[in-house]
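Chemist: So you can see what is in the structure, the chains are spelled out below.
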Amino acid sequence: DARVTQTPRHKVTEMGQEVTMRCQPILGHNTVFWYRQTMMQGLELLAYFRNRAPLDDSGMPKDRFSAEMPDATLATLKIQPSEPRDSAVYFCASGLDSNYGYTFGSGTRLTVV
Amino acid sequence: AQKITQTQPGMFVQEKEAVTLDCTYDTSDQSYGLFWYKQPSSGEMIFLIYQGSYDEQNATEGRYSLNFQKARKSANLVISASQLGDSAMYFCAMREYTGTYKYIFGTGTRLKVLA
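The listed protein sequences correspond, in order, to chains L and B.
With positions in the first sequence counted from 1, the corresponding number in the working numbering is that position plus 6.
With positions in the second sequence counted from 1, the corresponding number in the working numbering is that position plus 22.
These are calculated hints, taken from the structure and not from any lab test.
Watch out, some of these pointers could steer you wrong.
What the hints assert, rightly or not - Below are the DSSO-like pairs computed for lysine-lysine, each with C-alpha atoms no more than 30 Å apart in a straight line:
1. B:K38 / B:K124
2. B:K92 / B:K134
3. B:K134 / L:K84
4. B:K95 / B:K124
5. B:K95 / L:K68
6. L:K84 / B:K124
7. B:K95 / B:K38
8. B:K92 / B:K124
9. B:K134 / L:K68
10. B:K134 / B:K95
11. L:K17 / B:K124
12. L:K84 / L:K17
13. B:K25 / B:K95
14. L:K68 / L:K84
Since the model is a prediction, treat every value here as computed from it, not as a measurement.
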C-alpha cells in the first residue's frame, strides 16, 4: 500500500530551537495538508497545498511557523523558534481532493521542553 | 460556531452489537463532502467512509455505513457487528469549498468495544 512518510517520528527539543518536520506524500497526490493534534484543540489545519502551491495557511502562526513544498516529493513544516505550547502531534496528509479521503502519515510527536 | 459537532466524547458498545456515532455539521454550501476517520491508539488516521452532499444513497463500506440526513445536517457513522479492534477514536470531517477546499475535523468520539 502507498504510504505518506513523515520524519522524524518523535522529536524532543529545547525551547528556542528550530524544528523541521518532513513529509513525503504519495506519488501522484496533488494535495498536501499539515495538521496539528493536541488534546485541548483536537485536529487543527495548519497549511494546505495543491500542486505545490500554498492555498491556505491561515491556521498557522506566521511568526514562527513556515510550510513549504520544495518539490512534489517533499513537504516541510518548520518552527523557529519552538515553544513548549508547540508540543503536539503533527500530521501530514496527502490526497486528490476526491471522494476517497486523504491518506495520513504516522505523525511526528513533538515535545518542546 | 462549530462546523463539525461530535457530542459523544466516549461510547461503549458490546462486542457484536451495532453502534452509532453522532456527527452534525454546519455549512451554507450546497456541495460538500463528509468523511469519517478512525484513529487507533497507535495514532495513525485511517479513512473509513465518504458521503457526498448530492449522494442520494447512504454510503456503505463493509461494516461501516453513514446515516446521512441532509435536512438535519447529520452524518452519523454506524458500525455493525462491533469488534474489539474497533476500539479507537473516531473523527467526523467535512470538506467544503470556500474559494479553496477547507477540511475540518470534529473533536472525536472515543469508542470502547467490550468483550
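Chemist: Each hint needs a verdict: does it hold in this structure or not?
Modeler: Now for the hints, and whether the structure bears them out:
1. Between K38 of chain B and K124 of chain B, the direct Cα distance comes to roughly 36 Å. Violation of the 30 Å bound is thereby established for this hinted pair.
2. This hinted pair checks out: K92 of chain B and K134 of chain B have alpha carbons roughly 28 Å apart, not beyond 30 Å.
3. Between the alpha carbons of K134 of chain B and K84 of chain L the distance comes to roughly 36 Å, so the proposed pair goes past 30 Å and is violated.
4. Only pairs whose Cα atoms come within 30 Å are accepted, and K95 of chain B paired with K124 of chain B is accepted, the gap being roughly 17 Å.
5. Proposed proximity of K95 of chain B and K68 of chain L is contradicted: the alpha carbons are some 34 Å apart, above 30 Å.
6. In summary, the hint linking K84 of chain L to K124 of chain B is supported, as the alpha carbons are separated by about 22 Å, within the 30 Å threshold.
7. With a C-alpha separation of about 28 Å, the suggested pairing of K95 of chain B with K38 of chain B holds against the 30 Å cut-off.
8. In summary, the hint linking K92 of chain B to K124 of chain B is supported, as the alpha carbons are separated by about 19 Å, within the 30 Å threshold.
9. Between K134 of chain B and K68 of chain L the CA atoms are separated by roughly 38 Å; this puts the pair beyond 30 Å, and the hint is violated.
10. Between K134 of chain B and K95 of chain B, the direct Cα distance comes to roughly 26 Å. Compliance with the 30 Å bound is thereby established for this hinted pair.
11. Our distance criterion of 30 Å between C-alpha atoms is met by K17 of chain L and K124 of chain B, whose separation comes to about 28 Å.
12. Between the alpha carbons of K84 of chain L and K17 of chain L the distance comes to roughly 13 Å, so the proposed pair stays at or under 30 Å and holds.
13. Taking the CA atoms of K25 of chain B and K95 of chain B, the gap is near 11 Å; set against the 30 Å cutoff, the hint holds.
14. A C-alpha spacing of about 11 Å is found between K68 of chain L and K84 of chain L, which places the hinted pair at or below 30 Å, so the restraint holds.
When held up to the earlier numbered hints, the structure conflicts with 1, 3, 5, 9 and fits the remainder.
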